[in-house]
Amino acid sequence: EDKVVQSPLSLVVHEGDTVTLNCSYEVTNFRSLLWYKQEKKAPTFLFMLTSSGIEKKSGRLSSILDKKELSSILNITATQTGDSAIYLCAVDANFGNEKLTFGTGTRLTIIP
Amino acid sequence: SAVISQKPSRDICQRGTSLTIQCQVDSQVTMMFWYRQQPGQSLTLIATANQGSEATYESGFVIDKFPISRPNLTFSTLTVSNMSPEDSSIYLCSVEGTGRSGANVLTFGAGSRLTVL
Numbered sequence: 373e374d375k376v377v378q379s380p381l382s383l384v385v386h387e388g389d390t391v392t393l394n395c396s397y398e399v400t401n402f403r404s405l406l407w408y409k410q411e412k413k414a415p416t417f418l419f420m421l422t423s424s425g426i427e428k429k430s431g432r433l434s435s436i437l438d439k440k441e442l443s444s445i446l447n448i449t450a451t452q453t454g455d456s457a458i459y460l461c462a463v464d465a466n467f468g469n470e471k472l473t474f475g476t477g478t479r480l481t482i483i484p
Numbered sequence: 179s180a181v182i183s184q185k186p187s188r189d190i191c192q193r194g195t196s197l198t199i200q201c202q203v204d205s206q207v208t209m210m211f212w213y214r215q216q217p218g219q220s221l222t223l224i225a226t227a228n229q230g231s232e233a234t235y236e237s238g239f240v241i242d243k244f245p246i247s248r249p250n251l252t253f254s255t256l257t258v259s260n261m262s263p264e265d266s267s268i269y270l271c272s273v274e275g276t277g278r279s280g281a282n283v284l285t286f287g288a289g290s291r292l293t294v295l
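So the sequence lines, in the order shown, correspond to chains A and B.
In the numbering used here, each number is its position in the first sequence, counted from 1, plus 372.
In the numbering used here, each number is its position in the second sequence, counted from 1, plus 178.
Honestly, the hints are just simulated from the structure, not real lab data.
Heads up, the beta-carbon is just placed ideally off N, CA and C, and yes, glycines get one too.
All the pointers check out, no bait thrown in.
Covered, in the sense of this in silico footprint (three residues per stretch, anywhere, with C-beta under 8 Å from a C-beta of chain B), are these stretches of chain A: (1) 414 to 427; (2) 472 to 483.
Below, computed lysine-lysine pairings styled on PhoX-like, alpha-carbon distance capped at 25 Å: (3) B:LYS243 with A:LYS471; (4) A:LYS429 with A:LYS440; (5) A:LYS439 with A:LYS428; (6) B:LYS185 with A:LYS409; (7) A:LYS409 with A:LYS429; (8) B:LYS185 with A:LYS412; (9) A:LYS413 with B:LYS243; (10) A:LYS439 with A:LYS471; (11) A:LYS429 with A:LYS412; (12) B:LYS185 with A:LYS471; (13) A:LYS428 with A:LYS471; (14) A:LYS471 with A:LYS409; (15) A:LYS428 with A:LYS375; (16) A:LYS440 with A:LYS375; (17) A:LYS429 with A:LYS439; (18) A:LYS413 with B:LYS185; (19) A:LYS409 with A:LYS439; (20) A:LYS428 with A:LYS440.
Make a model of the complete structure from these sequences and hints.
Laid out in structure tokens, this is it:
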């Protein structure tokens with residue numbers, strides 16, 4: 373059974389800090405790893421990673437995939453209160469079956 | 179990416195009743211996905227809805243409990259039948275879109291938060 377594990381489960385930091393969120397996976401037929409941000413109900417897409425070692429960056433957020441270690445990290449620098457959310461990692465691992473397996477998420481809280 | 183309208187955004191329901199959630203997409207899509215997110219949990223796929231055929235349900239979910247309709251390529255409904263407090267969750271509709279880097283980037287509706295008393 374495909375499995376996605378995120379750590380930490382929750383994290384509380386002060387505004388301006390840098391955080392690193394972790395995602396590890398055990399899947400067959402890996403295709404891609406995706407990061408989502410969930411603030412209220414609907415997750416919004418952040419990054420899709422398919423190749424090892426290539427960093428994706430968007431403003432203060434960046435992410436990288438390590439296929440050898442079966443893991444990915446999401447970095448957020450100079451955090452702001454608006455970064456408070458649940459960050460979900462998902463893996464696409466079924467050829468011909470568009471189904472994502474989600475981790476339980478990391479709840480990030482930024483204290484002003 | 180597709181724009182998804184989902185309603186209701188939230189509802190409070192009595193035990194034993196049923197509720198239908200609607201999902202409208204602004205473009206034609208082959209597959210629509212229904213997810214559930216129970217309190218403190220991650221997203222779990224309920225079923226995949228294909229136009230013109232029966233939905234494909236994931237392990238642990240059955241059609242009698244979660245009937246799905248998919249009358250055309252832009253619309254789907256999910257019904258939560260004979261609700262119990264354990265059905266209190268956020269229900270999310272999603273569609274697959276092609277991101278800048280490739281396929282299988284899910285876009286989600288705003289979600290429907292159901293509370294069953």
